[in-house]
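K.L.:
Dock chain B against the given chain A, drawing on the hints supplied.
Spelled out, the chains give:
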Amino acid sequence: MVSKKEKKSRSKGVVKERKDHVLSSLEQLGGQVYDQLAKKEFPTVKMPSRSIANIIYDDKTRQYILGKRNVKRSARNVRHVRPFTQLLWTAMFTDELTEQNKTSTLRDVFYSAQAYEMDFQDQQESDNLITDLETVTGFSREDFNVFPEERSAIFGDLTVEYTVPGYEGRTLNLSSHPDGVMIGPALTTSEFVRPDKKKVDKVIAIEKGGLFTRFIEERVHQRFKAVLIHTAGQAPRATRFLLRRLNQELDLPVYIFTDGDPWGMHIAMVIISGSANAAHLRELNTPDAIWGGVWATDIVDYKLPSDPLTDLDLKRLNELEKDPRYAGGLWQREIDTFRKVRKKSEQEAFSRYGLTYIVDEYLPKKLKLKSNES
Amino acid sequence: MTVAEVFQEISAADFFYRNRDIAGFTSPSRSIYSTIRELVENSLDACETGGIPPDIYVRLSHESGPLDGPGVYDLRIEDNGIGVPGEVIPSAFGQVLYGSKYKLRQTRGTFGLGGKMALLYGQITTHGEAQISSSTNPKQRITDIGLRTDIQHNKPIVLKKKTRTNGSHWKGTIIEFKTEADYSRAMPRILEYFKQTAIIVPYANLTFVDPRGRLYHFTRGTTVVPPAPTETLPHPHGVDVETVQRMLKLTNAKTLQEFLRKNFQRIGETTARKFLLYAKLGSKKNPRNLSSADMVTLVSAMKNYEDFVSPDPTSLSPLGADLLATGIKKELGISDEDVQNGSAFVATLQRKPATYSGFPFIIEVGIASGKQIETQGKILLFRFANKIPLLFDEASDVSWKVVDQIDWRGYKVIPGETPLAVFVHVCSTKIPYKTVGKEFIADRPEVEHEILNAIREASRNLRIYLSRREHLAQEKKRVDVFEKYLPKMAQFSTKLSRAKKEPDIKPLLKGLIKYGVEEGEEEPE
Chain A
1 MVSKKEKKSR SKGVVKERKD HVLSSLEQLG GQVYDQLAKK EFPTVKMPSR
51 SIANIIYDDK TRQYILGKRN VKRSARNVRH VRPFTQLLWT AMFTDELTEQ
101 NKTSTLRDVF YSAQAYEMDF QDQQESDNLI TDLETVTGFS REDFNVFPEE
151 RSAIFGDLTV EYTVPGYEGR TLNLSSHPDG VMIGPALTTS EFVRPDKKKV
201 DKVIAIEKGG LFTRFIEERV HQRFKAVLIH TAGQAPRATR FLLRRLNQEL
251 DLPVYIFTDG DPWGMHIAMV IISGSANAAH LRELNTPDAI WGGVWATDIV
301 DYKLPSDPLT DLDLKRLNEL EKDPRYAGGL WQREIDTFRK VRKKSEQEAF
351 SRYGLTYIVD EYLPKKLKLK SNES
Chain B
1001 MTVAEVFQEI SAADFFYRNR DIAGFTSPSR SIYSTIRELV ENSLDACETG
1051 GIPPDIYVRL SHESGPLDGP GVYDLRIEDN GIGVPGEVIP SAFGQVLYGS
1101 KYKLRQTRGT FGLGGKMALL YGQITTHGEA QISSSTNPKQ RITDIGLRTD
1151 IQHNKPIVLK KKTRTNGSHW KGTIIEFKTE ADYSRAMPRI LEYFKQTAII
1201 VPYANLTFVD PRGRLYHFTR GTTVVPPAPT ETLPHPHGVD VETVQRMLKL
1251 TNAKTLQEFL RKNFQRIGET TARKFLLYAK LGSKKNPRNL SSADMVTLVS
1301 AMKNYEDFVS PDPTSLSPLG ADLLATGIKK ELGISDEDVQ NGSAFVATLQ
1351 RKPATYSGFP FIIEVGIASG KQIETQGKIL LFRFANKIPL LFDEASDVSW
1401 KVVDQIDWRG YKVIPGETPL AVFVHVCSTK IPYKTVGKEF IADRPEVEHE
1451 ILNAIREASR NLRIYLSRRE HLAQEKKRVD VFEKYLPKMA QFSTKLSRAK
1501 KEPDIKPLLK GLIKYGVEEG EEEPE
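Those protein sequences? They're chains A and B, same order as listed.
So for the first sequence, our numbering puts the first residue at 1; every next one is plus one.
So for the second sequence, our numbering puts the first residue at 1001; every next one is plus one.
These aren't lab readings, by the way, just hints derived from the structure by calculation.
Just so you know, not all the hints are guaranteed correct.
Every beta carbon over 12 Å from chain A, so not counted as near; a handful from chain B, in silico [unchecked claim]:
1. 1153
2. 1159
3. 1164
4. 1167
5. 1218
6. 1290
7. 1306
8. 1341
9. 1408
10. 1480
Covered by chain B, according to a simulated footprint, are these stretches of chain A (three or more residues, beta-carbon under 8 Å) [unchecked claim]:
11. 20 to 29
12. 69 to 83
13. 86 to 93
Even for Gly, the Cβ is constructed at its ideal location relative to N, Cα and C.
If we strip away everything but chain B, and leave its shape as in the complex, we get:
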């Protein structure tokens, strides 16, 4: 039984409500974390699409119920993104499986589902409605809409709709609704989420006002927004029978060859012809009349044909080495001077695009060391996927596996002592999550390999840095020893020999700093 068949029996909204566990809405504490996360990510996407440095404001206030357990909370999220046109708002926020995220490009959400689940969860648990305000143009009026979802029929119900003047020339979206939450339990994760988001989105201002009235503000370190990803056609290696079937239904191509050329990237006249020969399918065949058997042949040939050019990576939106360094430095509290004078180390890099199963991906890593990092007795690993921090199930993640298997001693790292943070960012049109919970990445050999090489490359200078630190610390320690003991020698020997004046030892100390000290065992004569 396929998902599509289930949809025919119950509405999509109903289906997702019944299966809310898979989307991360298991308990009141997990749900508020997922809610904030999904809506913040939608807002970030809305800003980045327009090339706008995000200003995100989140406020969670307590309405009723206990403070140290599940209660009713009011959540408000404001962004300065591209906004949602008034006529689209009901569907965009009140209808599951409606959205702009079907095409292939790197975005944070996968199905445009999370944000709607958040609203749906709020509606179910509090019987409240969502208030949406949005403006797509600073010169036009703001639309305010009160909204619920008819879960049984997966339809938005508009409770009220009005427009008002946009005196402050505002553009963006505001969402406010009530939802059940257990903030006392979710707090550590939520704060960690904001902190790590501030690293991976260093061009965003993030503000969070929590139910206890505390304000957490993460200031951007740059206004440079990486270019928005371009939309691309799917690569033949990365499609399944279901997708091809849907594409065949919609196409207006007359021949199979034309269908391939128009619907897939990296396929031109020649490639299409060669491929169809390989697949033993007639190039003049009408794509609409393809038999089920032919369709399976087509898709499996697509998977196995090795002469397609690699997928187009322009659909990816990596952060870039510079921005990653900016994010790391600002959130760890490492200044440029710290890096220059050698008291801290930050190295970031971006690998060349690679592919797994027809999906392009790019690995970016950062390595940081310095007293600004609290060691906690182990190497700190920060994992990101498509600019989302991954906070759960670290030990199951491929990055953890890689970090764990590296012999860090080779880089002069003393595990548990040397403060070291490793940042791994996986960008892909399809992140290979191991589970639907989107919290950890499967150990695909291609991905694992790229992560390993990236960390190794970024760590190359770490060894030099740590050796230098070690050397400086030792040299300082040695000179300290002399600075402590030589004056005492002068004092004691003066007293012992009944001399009147202490000898001047300054020239000796100066010589030490200049020429270094001697080291060795007692030498027998």
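Just chain A, with the same shape it has in the complex:
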């Protein structure tokens, strides 16, 4: 149960407000097409181009965004009329979902379309249409209640208030289940109850499930006043959105711990600066999140057991080196070090010094970091 005091201090209806925006943007799209048809015109719709040439890195928001170039879809064009109609169908489908507070997966969208003889050639085509809708409206699919398969989890002394049908107003403390709570549609659409800073003052995102469990066992959430999030590899969008909300709505710093290799480093980077694939979307990244490790320099400093970098790893490093997101000093330093030592280590490598070493020695040091600028 949540106390009266806590209820008042919850972040005020952020989720509800966002939902209203989503619905009106969908209605607006429908109205635009309707008006053109009523005027006996072939409807057109404009949206930012997602071509590579139009994806640019924005220093201000520290993420990839779409540039000024637009594309026009015209129902007059034989190549456009089908995807345009599919876009409208997708809008209609998600409008219903959002309005009725029902959720769906990308797979569902693909099959539901068939009932309207809106045959999508394959899953890819229907996924692309969702991306189109995101681009047109500027909202992400989770806003339309379309979710990918869940694999990410959260644990900590934080209370959420559900908004999904049947659970409206019900609350849950996220430390109530020792395995963590799955980050699904219900959690993503929950309002946060503002926590006591004495109990929670940071978020720790962990790449690997094993370490997430270890942290819970070692009571990291209590010892370090942290909300723990298991990203399960590359963090799903819902998880990235949740991290951002925790950071922005509750002012909690976010620390990210990944494997010490180019791929782990990039998991952190996508949380911080977003991905090129989602350049049409804002508010999915957490620019102030901090990559705590495992760094390449950690491998050296802690003499961690390691494996040699593969050719693929090295190739990835070359790509990342040129990526504008990696322009910062820390990132270039770590890329250099990886190249120099030609080694990589997993998070579990700390077990060499005993199972609790990572929590007792390593973590406290890393949580002192104020940013990745160094």
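P.N.:
Using the frame of chain A, we list chain B on its own:
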């Protein structure tokens, strides 16, 4: 050793019996196919000679033995041709190398041999006799003759002969005899033979009752019979020493010049004189006293002399572009409306006469396309020679070579996808068969060249047709896209915008059909 010398030792009938393989009588299945084919072709010749639209009835019935292997069958063939006079029947059907086909004109058979081989094969395999009935005049009596061949002496043996009244005023010939056959294996070829014959002889009614009692009937599409070929003298380019020797023995000409003038086409006084000067042979020489050396000189000079006028093509009997089109259309199931409204394509043409080695020939081709043709993943080739379908060894045939080397994509044909049938008909007084089996035509450069040009010419409009089809299909497909999606757009946008009534999109669709649709990539603004 020449063939003539062999004949002196064994009879012609014996010789051909011993060498029946070369005439297509190798196995019971191949033999029944050859038997039917040879006799049908004789019947067709007998009708065409009289300008009569053929009515051919063939019945094959099982007598004894297994149904799925070699057994004894009874074959009956009836035609409405010119008939065979009673006194000639024994020789015509019971004596090998007797017949009317020595003179030069286009006929189906080459030596009048095939039909007799068929009867001979039946006699050998079943010890039966042949029953022949014939009438040459509707007002006269019918002759019935029972017949065998004395193989050793190449003589007909008449077993019975009688005449009867011709109450139905019938004219034609009926042959019935028993023969060994393997119908189960031969069936596909036999049926294909009838089908293709129906194409190349579109003025014939063909009926076939098979041993299982099934009736196959091919109805004529016209009663127009192309004019019968005229008989001509040989052209000097087309004779060999053997033939000239025989002609010299029979001639009653007094001088070599007269001999040339009377026995060859395209040779008059002047040509004969010029030619003999060229050959360095005296024009006054007695042809009967020509030495062997002179004879060889004469024949080789004939081959090499270039100033003879081309052979006379009136001895040829091509089908004509119209009749070929009739045959193609009726057997492929393409109607005149199909052609008119552009849903099918048929083009036929006849080339001008040409010659190879002193033999005149004419190439006729047909090109057909449309959904009526089953593609089977390749271009269908139908080959005909002197109105006979050629069914075996397609890949060795000159027509195949030509079809294979044409770049069909230039005609908008997508090989394996576009339904396309090519028909090639070679007419000649001597078809250049590659083998004695008469199944495929050798790639003589002159013939190959003519076939290539003919196909190219006939295909000229194919490109236009196929482009139009493609365009129409695309246009239809495009309009279909709009007809499918615009109503949905109306439906979805109405629901999304919470409007009460769907917008009317009919004017938009009408405009599309009228002005065509737009196509292009997403245009950046």
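K.L.:
State for each hint whether it applies.
P.N.:
Results for each hint:
1. 1153: 80 Å, holds
2. 1159: Holds: least Cβ distance 77 Å, greater than 12 Å.
3. 1164: 75 Å, holds
4. 1167: It holds; residue 1167 of chain B is separated from chain A by about 71 Å at its closest Cβ, greater than 12 Å.
5. 1218: 46 Å, holds
6. 1290: 82 Å, holds
7. 1306: Residue 1306 of chain B is indeed farther than 12 Å from all Cβ atoms of chain A, at 64 Å.
8. 1341: 25 Å, holds
9. 1408: Consistent with the label, residue 1408 of chain B stays out of reach of chain A, its closest Cβ about 29 Å off (over 12 Å).
10. 1480: 10 Å, violated
11. 20 to 29: That given contact holds, which follows from 3 residues of the stretch 20 to 29 of chain A lying within Cβ reach (below 8 Å) of chain B.
12. 69 to 83: Our answer is that it holds, as 14 residues pass the Cβ test (under 8 Å) against chain B, meeting three.
13. 86 to 93: holds (count 4)
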